[in-house]
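**Q** Please model the entire structure based on the sequences and the hints provided.
Each chain is listed here by its residues.
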Amino acid sequence: MSNSTSQDKVNAEQPPQQQKPQVLEEDDEFEDFPVEDWSQEEAEQSTANGGNEHLWEESWDDDDAAEDFSKQLK
Amino acid sequence: MAPQTPVLDQFLVSIAELVKNRDGTKLQDYLQIEPPLSDIYLRMVEELRLRYKPGPQSDTELQQRCEVLVPHTKGGSPWSAFPTFMRLYFSFLRDVNVENLLETYKLLRALLNQCVLALGDSSHGVIVLPTVLYLSKVMAKLAMGLDRRPELIAHILRMEGGPKQEDSMEKVTLVEQSANVVREAFIKCLTDRSGNPASLGKPEGKRVGIYLMANLCLKLLFQCGKLRNAEQMFASISAQSPPLMHFPASQRVTYLYYLGRYLFSNNLFHPARIALQAAYDQCHRQALSQRTLILTYLIPCNIIMGRFPSQTLLQRPEGQPLAEHFVPLCQLIIRGDYLAFRRHLSFDSPTSRWFGKNGILLTLRNRCEILVWRSFCRKVFIHGGFHGKADSPTPPHLYLQKVLFATKWLQSRSEHLVPNGTSHSSVKPQYGSQTISEPIDREYAGLENPQSVNSSDGDNQLMGKYGDYLAPLGFFDASGQFIKNMPGKLVDAFVKPDYDEYELDPYADESIVQEQPAILMGEIESILSSLITQGLMRGYLTHQTPRLAITGARQRGALPTGFPNVWETIFKRESEDNSVPGWVKPKATMGAPAVGGGRVLHMTGAPPVGMQ
Chain A
0 MSNSTSQDKV NAEQPPQQQK PQVLEEDDEF EDFPVEDWSQ EEAEQSTANG
50 GNEHLWEESW DDDDAAEDFS KQLK
Chain B
0 MAPQTPVLDQ FLVSIAELVK NRDGTKLQDY LQIEPPLSDI YLRMVEELRL
50 RYKPGPQSDT ELQQRCEVLV PHTKGGSPWS AFPTFMRLYF SFLRDVNVEN
100 LLETYKLLRA LLNQCVLALG DSSHGVIVLP TVLYLSKVMA KLAMGLDRRP
150 ELIAHILRME GGPKQEDSME KVTLVEQSAN VVREAFIKCL TDRSGNPASL
200 GKPEGKRVGI YLMANLCLKL LFQCGKLRNA EQMFASISAQ SPPLMHFPAS
250 QRVTYLYYLG RYLFSNNLFH PARIALQAAY DQCHRQALSQ RTLILTYLIP
300 CNIIMGRFPS QTLLQRPEGQ PLAEHFVPLC QLIIRGDYLA FRRHLSFDSP
350 TSRWFGKNGI LLTLRNRCEI LVWRSFCRKV FIHGGFHGKA DSPTPPHLYL
400 QKVLFATKWL QSRSEHLVPN GTSHSSVKPQ YGSQTISEPI DREYAGLENP
450 QSVNSSDGDN QLMGKYGDYL APLGFFDASG QFIKNMPGKL VDAFVKPDYD
500 EYELDPYADE SIVQEQPAIL MGEIESILSS LITQGLMRGY LTHQTPRLAI
550 TGARQRGALP TGFPNVWETI FKRESEDNSV PGWVKPKATM GAPAVGGGRV
600 LHMTGAPPVG MQ
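Residue numbers (numbering that gives the first Met the number 0), protein chains in the order written: chain A, 0 to 73; chain B, 0 to 611.
Source of the hints: derived by calculation from the structure; they are not laboratory data.
Fair warning: there could be bad hints in the mix.
Distance condition first, Cα-Cα at most 20 angstroms in a straight line; then the derived SDA-like pairs of lysine to any residue [stated by the list, open to error]:
#: 1; chain 1: B; residue 1: Lys136; chain 2: A; residue 2: Glu35
#: 2; chain 1: B; residue 1: Lys356; chain 2: A; residue 2: Glu28
#: 3; chain 1: B; residue 1: Lys225; chain 2: B; residue 2: Arg192
#: 4; chain 1: B; residue 1: Lys140; chain 2: A; residue 2: Glu52
#: 5; chain 1: B; residue 1: Lys19; chain 2: B; residue 2: Ser76
#: 6; chain 1: B; residue 1: Lys225; chain 2: B; residue 2: Ser235
**A** Here you go:
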């Protein structure tokens, strides 16, 4: 199933004038960049608060939602 | 009279001029091989076919015409690899038949091999660097395409008959073969001795191609699953390459992506995270597919180290496709149900497919389960532990019996969820580990239920199992004579119903089955010891009355003391060494404060180098 889907995708991406058979990249491959170089400004996200966005959750412990547990342990 | 070749003549003049001017970029532009070729190339191909028909005679003539392309400097050795390369280029154009992709691949590999030989020349080699890169890319594309769709050359392999075996063996390793050719080119770039010493600063000469070739080689090695072959490359880069910061952003980001993935696959999550984070930070913000792929590995590094992707990250365009995979995983870790976690990532689960496809399934399964157990123990402690009292000298503690009950409750609930017991993770074994389920090997499937041997459905099963004993090929009679036995004939004439006494089944002893709770408690103690050893829980265990005691909790409280923040704990331990093997940083200059080998340098404003 997934195989045929990905092949369809490859076919769809194929420019029509291409003479070679459809053997080009799959979607999960690290593609070449269209430009060779860029400045760091072009790499940074334009954010409202100057780039200090909260990207990682360091405190994720769950302190309450475990009623099931509490019943079992009484 | 031999046919005229005006286009070829003009082409050769232009090539000679480009070589003389050392214009590698333009030379590559001239040496087109990929269809569709423009009209002028098609006319040249026609000329070649008419004037230089395949054969040794025309090879020699064509070679002679190519010899003049190389400048003959006084005293210098001629660049003999280049004329041969040009002859191969012309025969490639003349002979290639893209209907036969296997043959095309072989011709292309031979052409690239010769070009890499030409690259090896110390004074002229650099001229063909762009051509080596171009041919490598075309070959990589072809090899990887054929690797994904072997049916494209299956009919050729079938037609060739004869050395079929050999060819099909070769087909499997097309990508690896390509990687080996590209690695040769990489080595020629890395070991170039011209200009400044390599380690001092900006790359010169062929060294500008180091990361272009390395990245292509890594792409191929990842494709064919030969990551071990990359190790030597990273070691050579560490030893000989100029600092990465002097190379253009596209090369830096691509290299850091592959380096990060390599480190990840070697379970070096902290350096992998640093490399991948740098790749993400430096990646062009519009390069969404690349950013998504970097996050595909950066997020697991962080999860394993105890830090989950935030909503902000997963709502970014490059993060959105990943949310459906990582959010449920993180929720399962928070929930603390190890059986649900295992079901989610079991081989036959639809939710594990994406992780498997990206090569992160086993790592996540093996590395995150300890976090699940931590969440589980934490919850049991919240609801069933003694949290300490201001006026009591007794430290906060938790009886492990409660962890045991909770584990059994998870197990019984899991059986409800999977009524037929189809999932291995939910089947409670009758012996052996109570918490670890191994996928059942068909050979050992019978051990699942040791009693099944007794409830056999007849002699056939017994004969199948004990046939060599009950009906041997022959036997010695009372007088010591060897008597041959009829095949399948019982020597003692009857089959006993019970051969348990002959069983070499270490689990056949039923008393072990009775001891399940003791086994489970032993395993729970072992899991908690592991959590404490890794710093994910703080306190000590008592064995006689199995108990976890949390000490030093007066200041901060029992929960934060006994279950410290995972990320802070792991990060503190790991960041004692921030070096990233394979990432070359600039050496500390005289007078400036020494940059510790592993400091992450920000490359903002680093001037890039261009191709020649």
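**Q** Which earlier hints can't be squared with this structure?
**A** 3 and 4
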